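Dock chain B against the given chain A, drawing on the hints supplied.
For reference, the chains in residue letters:
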Amino acid sequence: MISLSGLIDFYTFYNFFRGIFESVGLGESSAWISYLATGILLSFIVINVMIIATAFYTWFERRTLGRFHVRRGPNRHGPFGLLQPFADVMKLIMKEDTLPDEADKPVMTLAPIALVAPTLLIITVIPLSENSFLGSLNIGILFIVGVTSVNSIAIFMAGWGSRNKYAVLGSMRGAAMLISYEIPMALGITSVLLLSGSLAMTEIVKSQDIWFIAVMPLGFFVFMAAATAEMSRTPFDQIEAESELGSGYNTEFSGIKFAILFLAEFMAPIVTAAVAATLFLGGTKGFDPIPGQAWFALKMFLVIFVLLWFRATWPRLRVDQIMAFAWKGLFGLGLFNIFLVAIEIMLLSGSAGELSKSDLLIMSIVNWTITISTLLILLNLFGHKKLERPEPVPSPLANMAAEAD
Amino acid sequence: MYGVGIIKGLGITMKNLALPNRQFNIYQYPDKKASPTDLAKLEEKNTLTFIFTRPVKTIRALIGLETIEERMPQDARFRGEEFAWYEQRCTGCASCAKYCPLGIIEIVTNTSGVNLQEGQSYDIDVFNIDIGRCMFCGLCVEACPYDALHMGSGFEESTYERKNLVIDMERLKKAEKNPSTWFRPQLSERKYDPIAGAKADWDEVGRHEKPTLENQQEKWAKR
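Same order as they appear, the protein sequences are chains A and B. Taking the numbering used here, the leading residue of the first sequence gets 1, the next gets one more, and so forth. Taking the numbering used here, the leading residue of the second sequence gets 406, the next gets one more, and so forth.
Calculated from the structure, these hints are not laboratory results. Do not rely on the hints blindly, as some may be mistaken.
What the hints assert, rightly or not - Cut-off 25 angstroms, straight-line C-alpha distance, at most; resulting in silico cross-link-like pairs (PhoX-like, lysine-lysine): (1) B:K446 - B:K420; (2) A:K206 - A:K91; (3) B:K450 - B:K596; (4) A:K95 - B:K568; (5) A:K91 - B:K596; (6) B:K596 - B:K582.
Unchecked claim - Using C-beta positions, here's what the derived DEER-type ranges look like: (7) B:L470 - A:Q321: 18 to 24 angstroms; (8) A:M94 - B:R567: 15 to 21 angstroms; (9) A:K328 - B:E561: 49 to 55 angstroms; (10) B:E561 - A:M172: 47 to 53 angstroms.
Quick caveat: nothing in here was measured; it's all calculated off a predicted structure. Heads up, the beta-carbon is just placed ideally off N, CA and C, and yes, glycines get one too.
Chain A with its partners taken away, still in its complex shape (with noise of 0.2 angstroms):
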């Protein structure tokens, strides 16, 4: 078996910089050199392998789209059109980085950097294994619940900066509706806190004896739509929609800018189903030959492939229908699951509040049961709505021919 559990981490890089400070001779300030150092080294590692992982999912993207929309993708460059990104890497820095003569420049620079700085944030704190890459911060969802909601902030900067009405049309809903699906978003993970009984993210992989998303559909459910949405994809594409907007919130972008809002756009899927693998999916766990982070690769393939399936079938939806679906939909069905959960939990776990392996069990029954007849009683009572058509009115220009004869 292939011993991968020991994953290398903050602390094995911070000892290694630290014996060798030492040894050099700077005593007591080698502490802070070597936190620096260490630093500087892991952000290198997590921007480089991102930024390469984002490239070739990007191609994975568009060629699986090309077979689900029954045509092509990329297939010109390399073997399968396998080096498509970097020639879409290299077009896009040999570009002319323009900018608007009103533009606000500070800001419409820094838009795109606001915009990917926290998606490469979050991935520092997802556990690989029994430790996360960056150390076991001990609020690690509070942290990333913080740190996404920055996005809000930095589309509206990118649309407001570049002085363009359809951009900040496009960044004004893409504000409004990314501030709406924080809160279904937020109740989709307190469900799995309450059953974790801890923020941090390894506390959470290791309480998942049976995965949550087999305890509490629900729960997926709301928190997959509002992260669904929280990355502005389709369905939920309303801050680009090409017919609407030209292009939206990035019209006015071009160069490295343009290369950078694109990034952080296709490494959302990524640090999404990182996410969704550690809340819903049991994380690292798996059974034994096959070590833990290939496990975790496969269930974050699993749920890229589950929301680019969903981006080739669905059409975008209307503005007033997105706010409606979260505010009157995904709203109420997040709070009955919170309630749903908690009652179960008061009622199955003993004197210390610890919840055994047969009370998941219990629970998931109970779960699943609720889940498909509520879904089925919400579905058929808006189901029956049906639009009524007037009665085709006979024009009256239609007898005038008869008329004059």
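This is chain B only, laid out in the frame that chain A set:
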């Protein structure tokens, strides 16, 4: 029920992905298996020379790995780029330039010319068409009283610089004359097909070529 259609749609896209024999809908530039002769023609070489100079490509082509892009089928009335212009027919009246809604035809004339069809005419110094701004409405072709200007039938005119999109007189004279049959019923009557590569000379594209006596009488005397 609400939402059943959503799930049905998911099934359709998944069928597209999973079934291996789904046909790809390709209308433009479908890949065609290429023989060594085709490849030699592409590189403007003799087939034998090609076989000796590029043995690897030849073998790949014989196995069936090399493909070339085939053009989509195209109508004879396609309004394409590369206008077909016949300087023998042109009198320099500049109707085309006047009718162009975008003003992209530039024409400069002097009074010393002789036209093969109509006798005395203007001599043309400059005749530029900026197809970078052209919208291919074809009003210039409609306006031409002597059938000197025709729409072309090509569409692969991309260049690296905007200035290369200005077609000047030299280029128009040198270009292969494959006029589109759009607004030229005399060409479509003859089943003229520019896409097949047929060329049309200046004395066969006109609509009132050498009127006979009967024609003249029909037009003027019998009214």
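Numbers of unmet hints, in rising order
1, 2, 3, 5, 7, 10
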